[in-house]
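Peer 1: All chains, please: the whole structure from these sequences, using the hints.
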Amino acid sequence: MQFVQLLLFLILFPLIAAVFMLCIRKEIERILIVKLSALLIGVATVFLLFLTFDKGAQLVSAIPAEPVGLVMFVLEILIAVFILYLGLKHRKYVVVGLIVVQSAMMIYFEVVYAHSAGATSNLFIDELSNILALIIGIIGSLICVYSLGYMKFFHESHPEVKDRRNMFFCILFVFLSAMFGLVFSNNLLWVYFFWEVTTLCSFLLIGYTKTGEATNNAFNALWMNLLGGIAFAGAILYLAMSGSNIIGLDQLLASGKVIALIPAALIGFAGLTKAAQLPFSSWLVGAMVAPTPVSALLHSSTMVKAGVYIIVRLAPIFQSTFTGYMLALVGGLTFLLASGIAVSQSNAKRVLAYSTIANLGLIVACAGIGTYEAIWAAILLIVFHAISKSLLFLSVGTVEHRIKSREIDDMNGLIVRMPKIASMMVIGIAGMFLLPFGMLISKWAAIRAFIDAPYGFLFVIILAFGSALTLFFWAKWMGKIIAVTSDSKNIEGEVDRSEWAALTSLAGLSIVTTLVFPLLSTKLLEPYLLANYGKVAQLSQDNIIIMILMLFLLVLMPLSILLPHHRKHRHVAPYMGGRTTTHDMRFSGSLGIQKKTVLSNYYLQDWFGETKLRTTGIWLCSLLIVIMLAAGALPGVFK
Amino acid sequence: MINIVWAIIFVLVAPIVGGLIAGIDRKITAHMQGRVGPSILQPFWDVGKLFEKEHAVVNETQIFYAICYVIFMAFTGALFFAGGDLLLVIFALTLAQVFLVLGAFAANSPYSYVGAERELLQIMAYEPMVILAAVGMFVATKSFNVSDIAASTTPVVLLIPGIFLGFLYVLTIKLRKSPFDISTSHHAHQEIVKGVTTEFSGPSLGLIEITHWYETVLLLGFVWLFFGFNPLIAVIAVIVVYLLEILIDNTNARVRWQMAVKSSWLIALVVSMINLAALYFLNGGVS
Numbered sequence: 001m002q003f004v005q006l007l008l009f010l011i012l013f014p015l016i017a018a019v020f021m022l023c024i025r026k027e028i029e030r031i032l033i034v035k036l037s038a039l040l041i042g043v044a045t046v047f048l049l050f051l052t053f054d055k056g057a058q059l060v061s062a063i064p065a066e067p068v069g070l071v072m073f074v075l076e077i078l079i080a081v082f083i084l085y086l087g088l089k090h091r092k093y094v095v096v097g098l099i100v101v102q103s104a105m106m107i108y109f110e111v112v113y114a115h116s117a118g119a120t121s122n123l124f125i126d127e128l129s130n131i132l133a134l135i136i137g138i139i140g141s142l143i144c145v146y147s148l149g150y151m152k153f154f155h156e157s158h159p160e161v162k163d164r165r166n167m168f169f170c171i172l173f174v175f176l177s178a179m180f181g182l183v184f185s186n187n188l189l190w191v192y193f194f195w196e197v198t199t200l201c202s203f204l205l206i207g208y209t210k211t212g213e214a215t216n217n218a219f220n221a222l223w224m225n226l227l228g229g230i231a232f233a234g235a236i237l238y239l240a241m242s243g244s245n246i247i248g249l250d251q252l253l254a255s256g257k258v259i260a261l262i263p264a265a266l267i268g269f270a271g272l273t274k275a276a277q278l279p280f281s282s283w284l285v286g287a288m289v290a291p292t293p294v295s296a297l298l299h300s301s302t303m304v305k306a307g308v309y310i311i312v313r314l315a316p317i318f319q320s321t322f323t324g325y326m327l328a329l330v331g332g333l334t335f336l337l338a339s340g341i342a343v344s345q346s347n348a349k350r351v352l353a354y355s356t357i358a359n360l361g362l363i364v365a366c367a368g369i370g371t372y373e374a375i376w377a378a379i380l381l382i383v384f385h386a387i388s389k390s391l392l393f394l395s396v397g398t399v400e401h402r403i404k405s406r407e408i409d410d411m412n413g414l415i416v417r418m419p420k421i422a423s424m425m426v427i428g429i430a431g432m433f434l435l436p437f438g439m440l441i442s443k444w445a446a447i448r449a450f451i452d453a454p455y456g457f458l459f460v461i462i463l464a465f466g467s468a469l470t471l472f473f474w475a476k477w478m479g480k481i482i483a484v485t486s487d488s489k490n491i492e493g494e495v496d497r498s499e500w501a502a503l504t505s506l507a508g509l510s511i512v513t514t515l516v517f518p519l520l521s522t523k524l525l526e527p528y529l530l531a532n533y534g535k536v537a538q539l540s541q542d543n544i545i546i547m548i549l550m551l552f553l554l555v556l557m558p559l560s561i562l563l564p565h566h567r568k569h570r571h572v573a574p575y576m577g578g579r580t581t582t583h584d585m586r587f588s589g590s591l592g593i594q595k596k597t598v599l600s601n602y603y604l605q606d607w608f609g610e611t612k613l614r615t616t617g618i619w620l621c622s623l624l625i626v627i628m629l630a631a632g633a634l635p636g637v638f639k
Numbered sequence: 640m641i642n643i644v645w646a647i648i649f650v651l652v653a654p655i656v657g658g659l660i661a662g663i664d665r666k667i668t669a670h671m672q673g674r675v676g677p678s679i680l681q682p683f684w685d686v687g688k689l690f691e692k693e694h695a696v697v698n699e700t701q702i703f704y705a706i707c708y709v710i711f712m713a714f715t716g717a718l719f720f721a722g723g724d725l726l727l728v729i730f731a732l733t734l735a736q737v738f739l740v741l742g743a744f745a746a747n748s749p750y751s752y753v754g755a756e757r758e759l760l761q762i763m764a765y766e767p768m769v770i771l772a773a774v775g776m777f778v779a780t781k782s783f784n785v786s787d788i789a790a791s792t793t794p795v796v797l798l799i800p801g802i803f804l805g806f807l808y809v810l811t812i813k814l815r816k817s818p819f820d821i822s823t824s825h826h827a828h829q830e831i832v833k834g835v836t837t838e839f840s841g842p843s844l845g846l847i848e849i850t851h852w853y854e855t856v857l858l859l860g861f862v863w864l865f866f867g868f869n870p871l872i873a874v875i876a877v878i879v880v881y882l883l884e885i886l887i888d889n890t891n892a893r894v895r896w897q898m899a900v901k902s903s904w905l906i907a908l909v910v911s912m913i914n915l916a917a918l919y920f921l922n923g924g925v926s
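Chains as they are written, first to last, in our numbering: chain R, 1 to 639; chain C, 640 to 926.
There could be a bad hint or two in this list.
Stretches of chain R that chain C covers, calculated by requiring three or more beta carbons in the stretch to come under 8 Å of a beta carbon on chain C [to be verified]:
1. 162-173
2. 433-447
Ranges of calculated distance between the beta carbons of each label pair, as one might list FRET restraints [as the list claims (entries may be wrong)]:
3. C:Leu-871 with R:Leu-515: 41 to 47 Å
4. R:Lys-523 with C:Gln-829: 51 to 57 Å
5. R:Thr-522 with C:Asn-642: 23 to 29 Å
6. R:Thr-504 with C:Val-894: 44 to 50 Å
It is worth saying that the hints were derived from the structure and are not from the lab.
All C-beta atoms, glycine included, are put in the ideal place defined by N, C-alpha and C.
Peer 2: In structure tokens, the structure reads:
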């Protein structure tokens, strides 16, 4: 039972690190402890994989429900009181109302049902948890390391923001701990507890700068996630009131659709809020006001992944139910509309935010359909999205510090100005939409899954249009970066070492995972699918070989630049319609005024304007969610 | 299932076939316009001349992207003719196309920049229909492998007539024919500056021409798949389709890009929805 200690270590150790973060006084101590903890957490997750490898799902009943449950309950009440206090202080009465309702539900549960709740194994580990743990442990810790350099720079360039780095790093580690707890917990009460902790942590991180905008967006994120929390609490309460004595995830999954569909729909709803699906997308976009590592952590590896994790976990219940299709449609529509909105955005972080929402939508669509092929695609999406997206967030953060802008148009010629970081960014973007990288493999898998599913043609059509939009906004961004501007100088300078370490590791990961993807699929995904669905999905051998070939081609091609050139090419100025132009692209405009050539991307505001698409999405998806919950509650009406 | 021989044949022969098609295209076009037109070998002389020219570039990275464009296009076509997975072919085609766009972006020149953005709009316009065409073929033949689809005795085109028409519509974009030659045109009367290829010259431009020949053969191969059940009909269909494209090319003026994107999306949506739904329900709810 060695792995049990390891599970506990992964949940508890980040907490210890968090306490240390609060106490330290010197920068050097912080750097040391963060790096050491990150390393330990990363190694522990890999070690966990080795220990539990090939053993399937393992339940842990050694950890007693009490007094741990009591401690959790007390902490929950403390969190509620804290949120209540902040809500009253900032006059956010929606938050106050929600937290009161939620606490009332949980107190009622604790008083009336807690002692009668059935016994269960509280922790467990299986392949899906292992994958998530690797994402949290490796990518999450890399983001923590990156934050060291970023936050130092952040406070140097924003003297108006109070330096609360101790608290910042403390919350980062609490967050990691909660995420580990969430993916290892089998007891729904425990899942719920960690769920609430992530809500609180994200709230604190988004509001870190304490500006008016940050506080507002933090509360926006809070009320949406609290709404999800209420649904989660509702699911627990429903299970207790129905007298089924179910309190473990495994029991819920085994209990059959008649009992499980209503709680699954409620938890699915909670997942939708956490995964920022329409109509709840605005919290994720608003979270962009936070320092960039926070965005990276919330949007690539942790917070939103908790949302899709729980939906993927419950997918067997959703499979071929009306509720499941509605859930999938919410995801599909979110994918389509958010991809559209991303086309119209000129701010790099907002593009990343909407692309995150879109990809989460695709994962939800796969999970809602819930066939073994769809789940295969969903898990692949989770993995590859986490890697590429965190890489992109972090490189945008690094670029932002140097050019003082998040606008994509200001990134023109980045390959000349900052070749190293620009290359990282190009790898990240290529990873998001080009063959043979992971995200495209996953989309491919999704297409195949959708075709085989009932009413799948609808989803295939959504996916076809959505990917066309995806291609458009990524390619035009990539074009901006690789444009070679003749007048620019290399201003990269020294990249902070911790930032650079995180960036290169992630870039390396995105290439390596593409290479070892067949291994990932056969060793982790297939056993999980086999255990839960009795069938496996995979790519054919030929296709894998072809893609590895392509990857080598892609990696080798840029190296050809290093070869000595035999012929000198004559350099000419770009064609400017015959105007006299200086080498730095200035030309004389009317009245003899010298003008600089400025090139800007197409954003197609008329078609993909944010307000228009978002409003449509909010109405449509709200309607679908209402139908979804109604269908769960009235299984006789919708079959 | 992958047939290496066909892949090699494609890589070697496709430029010749593609060049000939381009020559015939020019000849017929000339006749339609009341001219005599050049010899059908003219495209080869043109490209040959391009390779003899001095290599003038805005910057070296353009050459890199042009080489990637031709390599990945040849790769895509080889994969197709070797009988590979159709979806993989489509994604590889997109990758190749993105290299052309990147090459245009890399020059950082206003004209090629606009060309690149318009090329992206074109990709965005045809991509859904092409993916859905592959899906349609899967529904009709139960396989994504080109080898299986080509060998299938199912009359694919009769099962997915709507999707075939939709594919024909976006084929005009893919072949860069009017009215949808919005990123760059072969007609001097439509294009004063050469759009996406503005900043390519000499050997790089020659490579891009060859890539177009590869692409033409690949796309006509795609048309073949709709008729794969009978090779004779398939050959006739491919010829008729290409003649039709030439006719459309010569009887239409370029439309605005909004029109190109909107109409292709609308058509893709309508035909695939109707066609796939019909097949789905006819099959009794299993696709």
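Peer 1: Each of the hints needs a verdict: does it hold here or not?
Peer 2: Verification of the supplied hints:
| no. | hint | result |
| --- | --- | --- |
| 1 | 162-173 | violated (count 0) |
| 2 | 433-447 | holds (count 5) |
| 3 | C:Leu-871 with R:Leu-515: 41 to 47 Å | 45 Å, holds |
| 4 | R:Lys-523 with C:Gln-829: 51 to 57 Å | 55 Å, holds |
| 5 | R:Thr-522 with C:Asn-642: 23 to 29 Å | 26 Å, holds |
| 6 | R:Thr-504 with C:Val-894: 44 to 50 Å | 47 Å, holds |
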